[in-house]
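Chemist: So you can see what is in the structure, the chains are spelled out below.
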Amino acid sequence: MIKKFILVFIISIFFTACNSVHETKNVIRFWAMGSEAENISKIIPVFEKENPDIKIKVQQVPWTAAQEKLITAFASDNMPDMCQLGNTWIPQFVSLNAIEDLSEFINKSNEIKPDKFFKGIWETNIIDNKVYGIPWYVDTRVMFYRKDIFENAGFTQPPKNWDELYNLCRKIKQHNERNESYPIFIPTNEWSNFIIYGLQSGAELLKENNTKGNFSSKGFKEAFSYLIKFHKEKLTPFGMMQVTNVYQAMADGYISIYISGPWNIPEFKNWMKGDLADKWTTAAMPGYRNEYPGLSLAGGSSLVLFRSSKHKKEVWKFIEFLSRPDVQLKFYSTTNNLPSVIKSWENKLLTENVYMKAFYEQLQNVSPMPKIPEWEQIVFSKLQQYAEFAAREKMTVDEALKNLDKDADKILEKRRWLENKKRRKNDR
Amino acid sequence: MIGNKSGIAFFFLAPALLAIAIFFFIPVIAAFLISFTDFDIYTLGNFSTIRFIGLKNYLELFKDDLFWTALGNTFLFVILAGPLSIFVSLYAAIILNSKIVKLKALFRLSYFMPVVTTLVAVAIVWRFIYHPNFGIVNYFLSLFGISSVDWLGNPDLALPSIVLMAVWKNFGYNMIIFIAGLQNIPEELYEAANIEGANNWQKFKSITIPMLMPTTIFISIITMIGYFQLFAEPYVMTQGGPLNRTLSIVQYMYQEGFRWWNMGYSASIAFVLFFIIFIGTMIQFRVQKYLSSK
Amino acid sequence: MKKIFIHLLLFVIAILTLFPFFWMISASFMQDGHASVFPPRFIPDEFTLTQYQKLFERLSITSNFFNSLFLSVLVTVISLTFNSLAGYAFAKYKFSGKEKLFNVLLSSMIIPSQVTMLPLFLMLKSMGFINTYMAIIIPGLANIFGIFLIRQFCLSIPNSLIEAARIDGANDFYIYIKIILPLLTPVLATLAIFTFLGTWNDFLWPLIVLTDDSMYTLPVALSNLMLEHSKDPELMMAGSLITVLPVIIVFLALQKYYIKGIMMGSVKE
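Chains as they are written, first to last, in this note's numbering: chain B, 21 to 448; chain G, 189 to 482; chain F, 343 to 611.
Hints are not guaranteed to be accurate.
To give a feel for the contact side, a few chain F residues facing chain G, derived at Cβ under 7 Å [claimed, not checked]:
1. F347
2. I348
3. T359
4. F424
5. N543
Only some residues are given here: those of chain G computed to face chain B with a beta carbon under 8 Å [what the hints assert, rightly or not]:
6. D226
7. L232
8. G233
9. N234
10. T237
11. F240
12. E384
13. G429
14. L431
15. W448
Bear in mind the hints are in silico, worked out from the structure with no lab data behind them. Quick reminder that beta carbons are idealized off the backbone N, C-alpha and C, glycines included.
Given these sequences and hints, build the entire structure.
Modeler: In structure tokens, the structure reads:
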């Protein structure tokens, strides 16, 4: 019996050992997220035909847990050759020293030149003058809204600035007083709204070389109070708990405005059929005062090359392939992810799509966020927390922002120490 | 006993004890050491950035509002769910143990079903049962004219809702132990009480309760230890919200450790949890000693 | 009268405990969107297997199922071997420091497993075991509760039996395999079901150490699904049913041992 057990044990170890054996012969291991992974597999055969000596092995990583999984993979020295990274994640992997500076490759390349991409998006990939990623697809946040509800409230145009947006929401609220509905949806558990409006009002989010929180500054405070006002006046539900399904809420007229990204388009199309099909559309973000469109987030995913890769040249070839306008268009048509290469936007697939105009306009005016590894923790766990406290009036705006700064400073303590150490070294 | 055969005993013990020593005791000590450092994402990239920071993590914890929130939530959960679960299971055990009940095994089985099932799966089911618009709980309330309640979205109701689910999930386990305890009470005690003309309540108070005391203490300890480690229910049902009102200690530890990679800080949270469980257990042991000495 | 009342009460509690399962099963056979209506449907008005098709074809839950099954069985087999050896030794052998060692083990049961997670993760990382089956197997190799349970049971085996075998010239391993193990069958069954269910239902640790979705166990895959498909209750119910069905079957088959085990575990020294 024991022999059997031991046998099983040995077999199992062998089994697991097999699992971690990597193939080495020009096979590129590529991690992609969610539906991107499913759809890229349809394009890969084209590349493999053009480059018969390279094979691409795609592995799907779920979005919801992607970041934890990627860092776990790093911690376990189990990195792929290349990966799709949300561009706010790049700083973390740079600080882990996990991804390769691509400047050399770019200098020699004909396919990839900085000016072929949207400026704000390209910048998200630069840290200390080094380029760590090539934009694969882009996203930014725009306004999704119900045209019919706007018209009923007497607005034929989407709002162009903060005041217009606020007045519009009040009007809609007055119009729909009888039933329970809200003009806009600004969930406190999505930090993006708060950052977008903060960027619009010209706030510097962090100070002292990104080592201290600067949320109590005049600019950010103005943006934060502006959004909290919508909560206090019951112009928006609090968060995802009330609205389990945004698309349904929009279709029911429970909400009329939702600020979000391009991945929603197919869902909205799906939920608003028949009569509702022409009742919604997209518009660029309203500006702070007079500028239009207002700033929005430079989002999207970049392709990065891991330092541990043994196939850097091949990976670069594949990145160049994915940056070709025709390949970008093909990827757009299968995944709805917006092309990062400007030239692709001249195609009628995009120019004739009514929802795309807003995105194209918006992409001219996007801005990156602070590029430090702690950023995600600050916005996810702290900004959202204090936004919820302020929205539910458990804290005043001043208190919330003061606490946010305090927490941000605490999170950034190590960064300050490292910066000081670096400075001292340089002084010597 | 079979004579002194240390060699063979060692051989028998070695696999299990080695595994426990290497993969349990060493990590416990290591965690203790890590809790005095600022092990974080920078350290993961470059080990030389690790700093020994003494008690700073623990001191920070005392100043950390979120930690106190998580601690408060966890205590509230234990205080609500613990006694409720013990009460329900004792009640179920007593009626199930009654001689006149038919189909005992069947009832016992159905009460026990939630215990063995996967927590994540049933938490998902309960999430939909609590749904504000389509949930069954609200449907039943609507039959009595009560308008829809947002169980998991309302900051004051979210934790109690999770408590109810946890009691549903666990009471069967304690019930089985109580039944065993009840069956160990000698029948003669009740017969003697009958002769003295005691009523049911008197019998319960002066025989059942004292005789069940050791069982109850045991159950309180395991229930408390289990409930202090609350994690999957809020992870699946509320992600710690709304307003962090369902954030538990273990969830906070997980977030700090494996989402933000503040491993030093996370380790100190783990030790605080350990310390609390330790104190709780000691208190209950004392209570038991005190009661049995009387 | 009292009899009817008690049975009624028991019946109501039974309905309350079983209802979530009933709804889970029922909703899992509904079309998309049919469980999100008010008033709720209790029985599908159109019976369909689409949700299961989706799970198996698109979401490859098959591999998650086999991960769970393989790991649960393997951990059970290994830990049963290790625990029974150690429990037997603690009960029937004399060696110096035995009581002390056993007491240290027993009292360390109070340390919550969360304490070990971070260093264990770093340890497994340095061994290259993150995201392999080994990451799940290693912490389950042996457990103190199991050793305790086996020891308690072994104490009731008469020494004369062992001595008689020894006089017949049997060596210690032979005695363990041919005499002790057969006698231990009931407690091994108990421990087996405990370990199997524990491994199958475990969530936090697999969530931490498994990075590929093809390596996920069912609870982790399910929670992932929940975060991505929270608006498809029918699909989630189908996933939940697949996750709980095996444990319910194992439990129903071995419930006698399971319930005995709980009672044994509660008997203090």
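Chemist: Work down the list of hints and note, for each, if the structure agrees.
Modeler: Evaluated hints:
1. F347: violated (10 Å)
2. I348: Check passed: Cβ of I348 of chain F comes within 6 Å of chain G, closer than 7 Å.
3. T359: Hint on T359 of chain F: holds, closest Cβ of chain G at ~5 Å, below 7 Å.
4. F424: holds (4 Å)
5. N543: holds (5 Å)
6. D226: holds (6 Å)
7. L232: holds (6 Å)
8. G233: The hint holds - G233 of chain G has a Cβ within 8 Å of chain B, the shortest such distance being about 4 Å.
9. N234: Status holds, d = 7 Å.
10. T237: Holds, because the Cβ-Cβ distance from T237 of chain G to chain B comes to roughly 7 Å (cut-off 8 Å).
11. F240: violated (13 Å)
12. E384: Because about 57 Å separates E384 of chain G from the closest Cβ in chain B, which is outside the 8 Å limit, the hint is violated.
13. G429: holds (7 Å)
14. L431: This interface hint holds because 6 Å falls under the 8 Å limit.
15. W448: holds (5 Å)
In this structure, the hints that do not hold are numbers 1, 11 and 12, in rising order.
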